[in-house]
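With the sequences and hints as input, model every part of the structure.
Protein sequences, first through last, are from chains F and U. In terms of this note's numbering, the first sequence opens at residue 145 and continues consecutively. In terms of this note's numbering, the second sequence opens at residue 21 and continues consecutively.
Calculated directly from the structure, the hints in this document are not laboratory data. Worth double-checking, as some hints may not be accurate.
Only some residues are given here: those of chain U computed to face chain F with a beta carbon under 8 Å [to be verified]:
id: 1; residue: I38
id: 2; residue: F43
id: 3; residue: L66
id: 4; residue: L109
id: 5; residue: L112
id: 6; residue: L114
id: 7; residue: L154
id: 8; residue: G166
id: 9; residue: E167
id: 10; residue: M247
Label pairs and their in silico Cβ distance ranges [claimed, not checked]:
id: 11; chain 1: F; residue 1: T212; chain 2: U; residue 2: S286; range: 50 to 60 Å
id: 12; chain 1: F; residue 1: T212; chain 2: U; residue 2: N163; range: 41 to 51 Å
id: 13; chain 1: U; residue 1: L37; chain 2: F; residue 2: F401; range: 24 to 34 Å
id: 14; chain 1: F; residue 1: S357; chain 2: U; residue 2: R312; range: 22 to 32 Å
Using N, Cα and C, we set each Cβ at its ideal position, and we do this for glycine too.
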Amino acid sequence: MNNPQTDNFPEGPSFRRALNARYRSASLWQMVFLSALLIAILSLMTLLYTVADGAFGYVAYEYKHDPTEFSSTPLNELGKDELLSILQSNLSAGAFKKLDNEKPMASRSHADLYSLFLERLLQIDTKQIWSMTDSFLHAAEIRAEATHKYPDAQLEFRSWLTPQFLSSPMSSRAEFAGVRTAILGSLWLVGIAILFALPVGTGAAIYLQEYASKNWLTKIIQTNINNLAGVPSIVYGMLGLAIFVRLLEPLTSGAAFGVIDSNGRTVLSAGLTMGMLVLPLIIINAQEAIKAVPDSLRQASFGVGATRWQTVWHHVLPNALPGILTGSILALSRALGETAPLIVVGASTFISVDPSGPFSKFTALPIQIYQWTTRAQPEFHAIAAASIIVLLILLLSLNAAAILLRNRFQRKY
Amino acid sequence: MNPPFDLTKKPRIGESLIQSLLFLAGVLSIFTTLAIVYVLGKEAWLFFGSPEVTFAKFFGGTKWQPGIGQFGIWPLVTSTLVTSSIAMLVSLPLGLSAALFLSEYASPKTRSALKPILEILAGIPTVVYGYFALLFMTPLLQNIFGEQVQVYNMASAGIVMGIMILPLISSMSEDALSAVPRSLREAAYAMGATKFETSLQIVLPAALSGVGAAFIIGISRAVGETMIVAVAAGAGPNFTFNPFQAAETMTGHIARISGGDLSYNSIDYNSLFAIALMLFLVTLVLNLISQRVVERFREKYE
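Next up, the structure:
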């Protein structure tokens, strides 16, 4: 019997060979695909390690002045009152008055005064810093190098991320700079952004899901929201600069409310810009959450005579709320890490005063990271790394909160 | 006797008030778009209207120095092209491979262990990637390629940007791949195809529109990305295609100039809006194309 189809079918050893070749290439490509994922994981690990590598390590530093010039008691035994009198007698009257105006000297803590003493009088001078890897692997060489190159310097293993780093304001010296002003600025910023975007975004989502009929206007709005989510963040920055900083300056600077000596580059302008930026994300997330509420709930509510708004308010919203909040937290973490629009709307790069209200000047964590990363001196890279750790921890806790919220309130219908 | 109870009457003014408030929230997004177009358009109009600037200079010149009347956009465009191309060269193969592995090979357990890692990668702020590019990738490139790599260079910014875009490409492609119905795969297996042959010759072509959309969105993201290039690619327009040289991109230029003391109504200020308008139009067109690709070329399975 002659069957034209099976006659062409490879048989015997050549068939085996072809099959084996196909199996080999299949498993080879599986390795290739897997290695792409491994590269991604490796990149993440390397990124995190690079940050940690910069934030800890040996530091060689010396003081420009000898502690004995100021006091005969050893440094670590100086009391608060002694420090205060040393500062008062050695600082120029003007400098002391300026510090006193920022925060009364008498009410400052011991640690605060001590760091002022180090900063202003002893004038710490960082000679060289080493990365964490070097510090662990080549500790002996580093010690030899330091004693050879800087005989007067002290060498110590330093973590640039300290409680003091979190609680001190900006400083022009990396050794004393902190991120308190930046953290507070970031909190103000995302607070204002969410106050604006959450109600408006949820409202828009309710309109689109519950009220809007299927017509051209709804379609335009929907397409438009999807497109807005893809607009580069720096373009939002330009929008904020033109609208909030310049056009609405009387409002955003607080001039209309009696605030004097301020321009439009306030935390309010930046917060509203951020709000515009995260608005499409919040709308899209809220729409998904509202979509997930089953129609039977709405029909039951209409069935007992409730109006549309009563149905939305008492039945749809409570059921969609966990989803909406999860989406908002994710939008918040986006706003927290966003840098480009803040540069454009004019975050202050050097500011040591905490933001006190919506009309104050501000800086934010990502802005400080940007500033310090682009400085040439390595000690600024070290504090940039430390502030990256602070930012990543903040983001991680926000995301953990979102996941908890989702798991806690997730309902299945 | 009471008047008859009228069911057609609308007793609540609040209802319609609330509805109009919600409607306002909905159309606010349209106003946002209009505001972007108006603001960018107006300032860009002022820029092109000023006597020093002509379209020929803008699109023909290879020098961008508004201070001395040089308004050629090309140096900013070429560096944007170079960094974005490098980013796509890194992120498309890696992202697509990762998506194929996650969707076709990985067990549900492996998938749920690996996906969060990609999500973490996607959630890291771009300024942190900038730090990574400047302080890890650039020294690495300098070790490999030697002296020719400048401290600020487009290659390291592009590669790190590729890593940043990878999760986006992989998650969008994976969605497209897993939307391909099981029956197609099973038909291929029944014909004796290996898993690899099925993935590459059956599943991938069926999901091609989704992968294409991911690719286009990736380009749009790369073109609009600011912080990585602002930190690592260089501060100063430079007309070059050499990835190891420093050159400022469109976004990087806006960030640097607007970060300084910028006086309103100067030609510098207006020029930023002209660049931003180009950026907005390019990303808008890319996003629209990607949406069309998904809608138009989606294979429909019953």
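Hint check results:
no.	hint	verdict
1	I38	holds (5 Å)
2	F43	holds (6 Å)
3	L66	violated (12 Å)
4	L109	violated (13 Å)
5	L112	violated (11 Å)
6	L114	holds (5 Å)
7	L154	holds (6 Å)
8	G166	violated (21 Å)
9	E167	violated (19 Å)
10	M247	holds (5 Å)
11	F:T212 <-> U:S286: 50 to 60 Å	holds (55 Å)
12	F:T212 <-> U:N163: 41 to 51 Å	holds (46 Å)
13	U:L37 <-> F:F401: 24 to 34 Å	holds (28 Å)
14	F:S357 <-> U:R312: 22 to 32 Å	holds (24 Å)
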